[in-house]
Every structure is written in C-alpha cells, then in structure tokens.
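Start counting the sequence shown at 1; every next residue gets the next number (UniProt numbering).
Calculated from the structure, these hints are not laboratory results.
Idealized CB from N, CA, C, for every residue including glycine.
Be aware that a few hints might be false.
[Claimed, not checked] Derived DEER-like restraints, expressed as beta-carbon distance ranges:
1) Lys278 / Asn68: 28 to 34 Å
2) Lys79 / Lys131: 47 to 53 Å
3) Glu314 / Ala233: 15 to 21 Å
[Unchecked claim] Each computed PhoX-like pair below joins lysine-lysine, with the alpha-carbon atoms no more than 25 Å apart:
4) Lys194 / Lys28
5) Lys251 / Lys278
6) Lys130 / Lys251
7) Lys294 / Lys312
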Amino acid sequence: MEYSAELPPVETLNIISTKSGTVLNSVKRRFIYLVNPVSGTSKKEAFVRLLKNISDQRNLTYEIVPTNSTGNYDFLIDKIRDEFITDIVIIGGDGTVNQVISALRHLPVRFGIIPFGSGNGLAYSAGIPKKPKEAFELILSGTAMPVDAFMVNDQFSCMLTGLGFDAQVAHDFAAKHSRGLFTYTQQSLLNYFKAHPYQFEVVLENFSFFSDAFFISVANSNQFGNNFTIAPAADLQDGLLDIVIVQKMNKAKLPFAILRQIRGNNKLQQLVEDMSNKNILYFQTPSLTIKNLKLAPLHIDGEPRETMEELKIEIIPRCFHLIRSMA
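Input sequences plus hints: build the corresponding full structure.
Pasting the structure below:
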C-alpha cells in the first residue's frame, strides 16, 4: 500500500484548518506515545505516569510503546493504518526524534515532541516548551505544520548535521555514562584544547571552494541544542539549509567568533566576497556537496555516525507535520 505524508481528510480526524496550519481537536484523535527508556533523567518515569493520568481524564485513545535503539519502526506501519493512528508523540531527545520520523515520515500522521533528551534542538527550534507537561498541552491544542528535513547521502536528518569539532564532542559525549548539559559542556571544553582544523571542499551549484575549518554545520533548525543557537536565521519551513563554516583561525579567537555567530552578529553573507576575510562563513542553499578530505568526524542530529569521504546534502521541503508553537 502506498502512503503519503499529506494529512488525511478533515472529516476523518476532526481538525480545523487555518491559513497558518492545522489546529488539532482531541475528538477522534488516536495517539501512540513513544518513550525512550534511556534518554533524559529519572523525572521521565514520573512524567509518564502523569501522561497516563491526563490522557485517561480526557478520554484519549492512546498506547504507550517503548522506542528501540535500532530505529526499526516497521512494526508500527500496519498499526498506524489499521488503527487509524493520527498522532505519534515522541518522548525523548533528538536522536530518538530522528529515528522515529525517518521511519514514519511517509505516513499521514502528525508528530509531537516532549523533550527529554540532552540537547532537544528540534523541539526548542519549534517553540516546544521545555517543561514536559506544557509540551503535552501544546500537543493537545497546538498547530501541526509541515516542516523541512534533509538527506545526508542516504541518511535522514531532522535538524543538524556537523563535521569536525562538534561531531567529535558528540562522539565523546555518547561514550559517557553520565548525560546532560554538564557532561556536554565538559566534553566541549576538553575538545576545545585538542581542536584542529580539517580540510574540506565545498561544492555548490555554481562554484566550489576549499576551506580549512574547525567545523561545518548544516542546519535546518537554528540550534545545536540546549538553546545554543548556531544558525540564527534558520527556519524550519523555508526550503533552505543554513551552512556555518568555522574556518581556521587563531584558537584564542575561536570562542569569540562562535559567540558572535550565536548572537546573530554574523549576518548571512555574500559568500564569494567573504571567503578570504571572514573567520565564519554563513550562507543558505537548498543543496551542497562536502568533500571531507581529512575524514573529519560526523554527527547527524547529535548522534555520532561513521564519517564519509563525500556528503551530498539536499533539503526535503515540507517533509513531515510537526505540532509546534506559532508564537
């Protein structure tokens, strides 16, 4: 059976369409709550109990299903079809979000996120509250909007892919038993002192250039996570990738250059003019190829991946429907 990411008819799900998106109504909605048993903190168990209580009080139709580390959610495809599931609620972090949406994005469902990971970059970019109960309330009353994603060769990315320094942090962070902002900051500082530039060739539609860079970020959302904004102009719905290249510089200048980028002081640039005299290049494109000449480490949505010699990266416009804040 063929599936489409377009939403089912209004009469099927009792939704209310507006110019800005799709306002959801709890009547006839059917939920699967996907809970990552690993990500986040011990507070999650207490929240899942609260989630059950709220759902029962509101007479919601739901089922709680554990996530799995393999990312194989084929078993949900027939369930979604046969039981008329309308909403997939992901309780976890960016890695879990990536796996679930990658597997189910072709189906006519909405995705909601209750952030319980270490970074939660996509959730925060979408204006989803940090507090789990508030995030769930948004899922029940918010707006489902089509948002972009992108492919890195044959691998799916919801929000952010990186090569170099930040990817090495992701690799080291994943190896630690203790997770959270403190551990991430600790690994970032340790890697700062060991950081060195890698050689890349960046190929765009009309020209290519070489760069020795500490890292390259390819962003659909504006965040690394933890409200660390790397691409201030990024928009989940603009059909463009935001590219941030932190070029070779005196390492003492590196934190200040990144701070300028975070604050949005580095505007989107005319790339050709600024290549030779800017520490950080920041531009937008729907696609590009990155030749990873020195095999810099790679992460996709904060999860370490095996690096590649060449990455062909292309936006997927309006890839899936995400329940998000419109404020």
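Hint-by-hint comparison with the structure:
1. Lys278 / Asn68: 28 to 34 Å: 44 Å Cβ-Cβ, so the 28 to 34 Å window is violated.
2. Lys79 / Lys131: 47 to 53 Å: violated, 30 Å
3. Glu314 / Ala233: 15 to 21 Å: holds, 19 Å
4. Lys194 / Lys28: violated, 55 Å
5. Lys251 / Lys278: Distance ~15 Å between Lys251 and Lys278 Cα, so the pair holds.
6. Lys130 / Lys251: Distance of about 34 Å is beyond 25 Å: violated.
7. Lys294 / Lys312: The given pair, whose Cα atoms are some 17 Å apart, holds under the 25 Å limit.
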